[in-house]
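S.K.: Now for the letters of each chain:
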Amino acid sequence: MKSDLAHLTIAKARELLDRGDVSAVELAEAYLDRIAKENPKLNAYLEVYDDVREQAKAADQLLAAGKKAALTGIPISIKDNILLKGKIASAASKMLANYTASYDATVIDRLKKQGAVFLGRTNMDEFAMGGSTENSALGPTKNPHDISRVPGGSSGGAAASVAADLAVAALGSDTGGSIRQPASFCGVVGLKPTYGAVSRSGLMAMASSLDQIGPLAKTVADAEILFNAIAGRDPKDATTIDRPVAPAVANKKLVVGVPRDFLEKGVDPDVLKNFETSLAALKSAGVEIRDVTLPNLKYSLAVYYVVMPAEVSSNLARFDGMRYGLHKDAPTLLEEYLATRREGFGAESRRRIMLGTYVLSTGYYDAYYGKATAVRELLKSDFAAVFAQGVDCILTPTSPTPAFKIGEKSADPLAMYLADIFTVSANLVTLPAISVPSGFAKRDGAQLPLGIQFTAPYAREDILFTIGKLFEQANNA
Amino acid sequence: MISTDDVKKLAALARIKLTLEEETSLAGDMENILGYVQQLQDVSAEQHAVAADANAARNVLRPDEAPHERGAYSEDLLAAAPARQGQHVKVKKIL
Chain V
1 MKSDLAHLTI AKARELLDRG DVSAVELAEA YLDRIAKENP KLNAYLEVYD DVREQAKAAD
61 QLLAAGKKAA LTGIPISIKD NILLKGKIAS AASKMLANYT ASYDATVIDR LKKQGAVFLG
121 RTNMDEFAMG GSTENSALGP TKNPHDISRV PGGSSGGAAA SVAADLAVAA LGSDTGGSIR
181 QPASFCGVVG LKPTYGAVSR SGLMAMASSL DQIGPLAKTV ADAEILFNAI AGRDPKDATT
241 IDRPVAPAVA NKKLVVGVPR DFLEKGVDPD VLKNFETSLA ALKSAGVEIR DVTLPNLKYS
301 LAVYYVVMPA EVSSNLARFD GMRYGLHKDA PTLLEEYLAT RREGFGAESR RRIMLGTYVL
361 STGYYDAYYG KATAVRELLK SDFAAVFAQG VDCILTPTSP TPAFKIGEKS ADPLAMYLAD
421 IFTVSANLVT LPAISVPSGF AKRDGAQLPL GIQFTAPYAR EDILFTIGKL FEQANNA
Chain L
1 MISTDDVKKL AALARIKLTL EEETSLAGDM ENILGYVQQL QDVSAEQHAV AADANAARNV
61 LRPDEAPHER GAYSEDLLAA APARQGQHVK VKKIL
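Protein chains in written order, with our numbering: chain V, 1 to 477; chain L, 1 to 95.
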């Protein structure tokens, strides 16, 4: 019985808890057992919290009192850049190795009120910068499907925790694909919500015009449940929006747009083949597939690698060793800054801070940041134009390749960046996007998961959930 | 071209101390990445003629009223500081 408990969806766990077939404590213990057994191999969790049983007990009391909510008693993992008061939150950086969160992130507060059970904090690329978790100061996470490969990143620990049944679902963050790409590499669902749909209060800022918190889960339905629990306006994040009342999409033939010209080069043949199979599955489920053109899509990665480091260099300026986190003693204040930031930041963080400093510096600002911002607006218009033609969502692969080997790209930053080619655009244009598992590619005898990514109009997560569920059914049929 | 001198200057601006080796390898990395983003120069985008976007991200500020109780969070926040003196974060003198 106990081992079966660790293969659940939120929906199934909810059923078991509500019927009293299992208590929240039993459920939590099943996951703690699995984590104890599997985590040493995977390094998905950086820390398992010491009060998981107490949290579960409190959830059982809520259930007994008839005060259940969607996530009451559901064990989930938290990415290490989301604050949980009284717990360490390190962003997998030496800079914050001993930093204890002073307050709860809004998403944590909302889940606490529902009685969710937080199992622990998951590994990531330092400060969410990377696509493999190799930039973690605490060593990489391994892909549960092949431990010689990366789980993707930056929410690699989150994706691995769900894929390996070390959590029912997870919270991650996505600045340029950091939820969707690891979800695709690990064979789980990952949602990057609309910019402003979920509060970032208590999320460590990386690039503030791009960052969003979102769910990683086993099914689209689970991702929807977790999204509904965390979304909505928050006075503590001025960029948050009210949840719009979505017009019904039921009883309408869904139209999926495919930017064919963008899939021509640099995409792995197995990924392309799987993409065609996925399109066929959608067609057979009654979806109309239409070719679309987004003329500026090819520039999205270049725009991203200007805008993102610019914002990173500003946001990471706060780590100066004075108010919290690492502090290195030195004779003068300036030397303390230099020593603290030298010791605290890993190589990739330094690289992006330097790039950002460059593109924002006098003489280069207009050519880089100014230009990138202008092209970003063109890209927004491209998406708006396609949706205006009656297209409900846009489909691409999530990543151009399946999971790569640990160490394969770590010496070449640009090669690593190119893996973000399909995911960065949703962040740049503020739109919601979801990665759904679409099959496997065989490599060295291992079956490596692949994913496809749907991008919907502003605040239309509902379309992503509808088409995502439709695809899950069609693809598993 | 990004020279190691450029890297030194940027590192000073960014308050990051680098070794000689890192200066060289960063110069190479930055050269590559900036070479890639150079393609943006091909786009003719008018920097200041940006179309109005109904969904443009904008801040929604709460009314400036009902502040939290004075000092309610001070202790939690000060507890995180590497050095403090009473109710202040303690740093080395600037001048």
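Keep in mind that a hint or two might mislead.
What the hints assert, rightly or not - With a straight-line Cα cutoff of 25 Å, these simulated DMTMM-like cross-link-like pairs (lysine to aspartate or glutamate) come out:
no.	chain 1	residue 1	chain 2	residue 2
1	V	K113	L	E21
2	V	K328	L	E75
3	L	K92	V	E26
4	L	K90	V	E26
5	V	K236	L	E75
6	L	K17	V	E26
7	L	K93	V	D320
8	V	K67	V	E26
9	L	K90	V	E343
Unchecked claim - For the chain L half of the interface with chain V, some residues (derived, Cβ under 7 Å), not all of them:
no.	residue
10	L20
11	L61
12	R62
13	I94
14	L95
The set of hints was computed from the structure by calculation and includes no laboratory data. Beta carbons: idealized from backbone N, C-alpha and C, even for Gly.
S.K.: Look at each hint and say if it fits the structure.
M.R.: Hint by hint, here is what the structure shows:
1. V:K113 to L:E21: Between K113 (chain V) and E21 (chain L) the Cα gap is close to 51 Å, so the pair fails against 25 Å, i.e. violated.
2. V:K328 to L:E75: Holds, because 23 Å separates the two Cα atoms, which is no more than 25 Å.
3. L:K92 to V:E26: 52 Å, violated
4. L:K90 to V:E26: Roughly 47 Å between the alpha carbons, so the hint for K90 (chain L) and E26 (chain V) is violated.
5. V:K236 to L:E75: Holds - the C-alpha atoms of E75 (chain L) and K236 (chain V) are around 20 Å apart, at most 25 Å.
6. L:K17 to V:E26: Violated - the C-alpha atoms of E26 (chain V) and K17 (chain L) are around 51 Å apart, more than 25 Å.
7. L:K93 to V:D320: 15 Å, holds
8. V:K67 to V:E26: 19 Å, holds
9. L:K90 to V:E343: Measuring from Cα to Cα gives roughly 21 Å; hence the hint holds.
10. L20: 14 Å, violated
11. L61: 5 Å, holds
12. R62: 4 Å, holds
13. I94: 6 Å, holds
14. L95: 10 Å, violated
The structure does not agree with the numbered hints 1, 3, 4, 6, 10, 14 stated previously, though it agrees with the rest.
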